[in-house]
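Chemist: So the sequences go chain by chain: A and B.
Be aware that the first sequence starts at 1, since it is given in this note's numbering, and climbs by one per residue.
Be aware that the second sequence starts at 1001, since it is given in this note's numbering, and climbs by one per residue.
It is worth saying that the hints were derived from the structure and are not from the lab.
All C-beta atoms, glycine included, are put in the ideal place defined by N, C-alpha and C.
Some clues are possibly wrong.
[To be verified] To give an idea of the interface, some chain A residues facing chain B are shown, with a C-beta separation under 10 Å as derived from the structure:
#, residue
1, Q224
2, V405
3, D408
4, T410
5, L416
6, S420
7, Q456
8, G459
9, R468
10, D470
11, R477
12, S478
13, R480
[What the hints assert, rightly or not] Between beta-carbon pairs, the in silico distance windows are:
#, chain 1, residue 1, chain 2, residue 2, range
14, A, R491, B, Q1089, 15 to 25 Å
15, A, G394, B, T1271, 43 to 53 Å
16, A, G394, B, R1200, 50 to 60 Å
17, A, R491, B, R1248, 39 to 49 Å
18, A, A505, B, R1134, 27 to 37 Å
19, B, T1267, A, S417, 49 to 59 Å
20, A, A446, B, R1200, 56 to 66 Å
21, A, G109, B, A1079, 14 to 24 Å
22, B, Q1089, A, A505, 54 to 64 Å
23, A, Y125, B, Q1089, 25 to 35 Å
24, A, A38, B, G1021, 56 to 66 Å
25, B, V1046, A, M260, 29 to 39 Å
26, A, Y125, B, Y1136, 39 to 49 Å
[Claimed, not checked] In silico negatives: residues of chain B with every beta carbon more than 12 Å from chain A:
#, residue
27, E1018
28, L1029
29, I1097
30, G1199
Each chain is listed here by its residues.
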Amino acid sequence: MFTRSGAASKEYWSVVTEPNLEFARNADGAREAAAGVAVLDAAPVNSAASRELYKKREPIYPKRVHGKFRALKWFLLFATLGVYYLLPWVRWPRGPNEPDQAVLVDFAGGRFYFFFIEIWPSELYYVTGLLILAAVGLFLATALFGRIWCGYACPQTVWTDLYIAAERLIEGDRNRRMRLANAPWSFDKIRKKAMKHSVWLAIAAATGGAWVFYFHDAPTILPQIFQGTAPGSAYLFIGILTFTTYMLAGSMREQVCTYMCPWPRIQAALTDEETLQVTYKVDRGEPRGGHKKGEPWEGRGDCIDCKACVAACPMGIDIREGAQLECINCALCIDACNDIMAKVDRPKGLIAYDTDKNMARRLRGEKPAMRLIRSRTVFYGGVFVLVSAIMLFGLLNRATMDVNVLRDRTPPFVQLSDGSIRNAYTVKIVNKANVEREFVVSLESADSIASALQMQAIGETVEEGVLRVDVRGDDVRSIRVFATLPPATERPASIPVTFVIRDAASGEEMENPTVFLTERR
Amino acid sequence: MSDKEIDEPTGVETTGHEWDGIKELNNPLPRWWLILLWISVVWSVVYWVLMPSWPGITGYFAGVRNHSERANVDAALAALDAERSVQMQQLLTVASIDEVEADPQLLQFAMNAGASLFGDNCATCHGAGGQGFRGYPSLVDDAWLWGGTLDDIEKTLHHGIRSTHPDTRISIMLAYGETGAFSADQIDDLVEYVVHISGRDADMEAVARAETNFVQLCAACHGADGKGDQLQGSPDLTDAIWLYGGERKDLQETLYYGRAGVMPHWTERLTDEQITALAVYVHSLGGGE
């Protein structure tokens, strides 16, 4: 019955048999899956098997569950949202003329501050490295533990979880929410709906509000936002993020994951048969069916078909249909099922984190096993460690200065009245430190003719063949430097020369090779 | 249409319009499209109220916000001027280039302002890098007709050379050949003389023949030694730099037809502080004295 294309070939599906659809009735006449366990009227509305093309969204009313995965999700929800909302308020003193916000993307000043790291626009490759790390880290986590990103940490999941919690607080749990949705419009319904949407909008606005704190000094811009004096871009982004948060977490929810997000498709390619995924253990559950009190458990599966897992699912699917694209692996069905298993006195873990291979192993009578070390996990891990090492090396050996020498091209050289030849260069010295530093600029060359070159600079004096310039902290200074070749010297068309810029105090040195031209070619 | 016609397979009413047996269904417009349409309608009304919109007899309705791009540009320019005013004022009072160079921030400011002014006004003749062309002096070398101190450059910018300014600087290289003052042979001899004093090999007999003419006529402006005079704007004939070329035929042309290039004055177009910034920039190009 539950064989779907693709999954059909797997051996464990052969044990699936027609379920026993007979349910007992309790004293009130309601159907019972087992003694004291009601059959929930839940259908997997978003399941691909029953979904039509061009179908209107059917609302999903996830039932509240309790358990260790729910607790873990609460913890991660508070942790991630806490980091998101509070991080801009963390201070990190850097000295005068620099912002003291620990994490700040300063577009106006052209800097990215992350605690002790300060990145200039020319060092954007660190951000590239960070993105590579994030991607490979995600690949590794997915290969090992399936879609844990989707289930626990994705903003879509976290904010939807928060929105559902707010919804439950105002409208009640699954049954009451369904009743309210079907009820005719009344004052009470309007009151509850208005309250829910106001809370959602408030959360959405706070989400957008916190976003702009990462791009401006948070304590400065917060009052400005309310006074109407913040920059227009801040209001624009608050508006955009308020709208998207409200829409995506409020009314689109599982549709974002199923239709909009490319990641489920990509993740499907990253998992294999040894990947831990939220799994309904077909081998243990089937054949499923209602259990009457006193009946033996031998010869039947542990699944009593109570649909608690379906009712708990925020994606509107039935995990018993096997791994499917719609499943975000949030593990709430595990908690829901464990609860039921405790009630019917069967071991927990009918739905659990498990691998496809383990299911096959159990069916063959072998012991289940975990294989964390596989070629793909080793590869992803290796890439992760390699990129981390390169990043770490780069950050630890990051230069506190940078030098750029631009040779004048119009004209490439100038003939002076006494017949000597002069080239002009613009030397740009970047001082990435926060204190003023003195740099020594000298002109060096392997060519002996270059020793005749005389250096001059606009606004500075050259003494003993070197130029000493002060550059303020966290600043760029550009100096116009001339090199002159006296008339009597031999003149190759092009003489390779190197500007050497050295920090007078620390000895840190940077070279910038260029040429000295004497004729047009 | 009096009777409704229902399309059988879909159960949707048709519009009754038929093309080659195909009937158009009367489906409603997509809801998202309708919502966007109504949002646009409401927005247009809001826009009429807020922004300049309806034409009137004597003007137009300026909108509640009184928005005007023209006023915005004026305000932005005024804000920019205010932002630059401190350093612009400083530029007005500088006495020498040393004063500017002693202050790296002021120097940087003047260089940036001067570079953009140079590109807009000067580069057409003097080249993007101030390299000059034949007839248009190079500003990057160390030869100056009228002096290369900050003061001299400023004065040239203010008054121009052979310009329409009343205080303009004037000097003329006469057309000695055209006016008949010198014969062709005399000009050839003078050319040899100039080639000789600029340190190149020349016909020494011709040089000797030209000496009297040079001393009597040319030396009045170019000096007895041919080194020129910045007070009169006469070029140095002994150095390696030639505004109109230093080859024999160039010198012949100069002597025969004369030379009188024009540098316009800039007081009508640029403010005093802009001229100072420009002078600092030109001075820093490499030729400043």
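Chemist: Confirm or reject each hint.
Modeler: Now for the hints, and whether the structure bears them out:
no., hint, in the structure
1, Q224, "violated, 19 Å"
2, V405, "violated, 16 Å"
3, D408, "holds, 6 Å"
4, T410, "holds, 3 Å"
5, L416, "holds, 5 Å"
6, S420, "holds, 9 Å"
7, Q456, "holds, 9 Å"
8, G459, "holds, 4 Å"
9, R468, "violated, 13 Å"
10, D470, "holds, 8 Å"
11, R477, "holds, 7 Å"
12, S478, "holds, 7 Å"
13, R480, "holds, 6 Å"
14, R491(A) to Q1089(B): 15 to 25 Å, "violated, 46 Å"
15, G394(A) to T1271(B): 43 to 53 Å, "holds, 49 Å"
16, G394(A) to R1200(B): 50 to 60 Å, "holds, 59 Å"
17, R491(A) to R1248(B): 39 to 49 Å, "violated, 24 Å"
18, A505(A) to R1134(B): 27 to 37 Å, "violated, 50 Å"
19, T1267(B) to S417(A): 49 to 59 Å, "violated, 30 Å"
20, A446(A) to R1200(B): 56 to 66 Å, "violated, 35 Å"
21, G109(A) to A1079(B): 14 to 24 Å, "holds, 19 Å"
22, Q1089(B) to A505(A): 54 to 64 Å, "violated, 36 Å"
23, Y125(A) to Q1089(B): 25 to 35 Å, "violated, 43 Å"
24, A38(A) to G1021(B): 56 to 66 Å, "holds, 57 Å"
25, V1046(B) to M260(A): 29 to 39 Å, "holds, 30 Å"
26, Y125(A) to Y1136(B): 39 to 49 Å, "holds, 45 Å"
27, E1018, "holds, 26 Å"
28, L1029, "holds, 16 Å"
29, I1097, "violated, 9 Å"
30, G1199, "violated, 8 Å"
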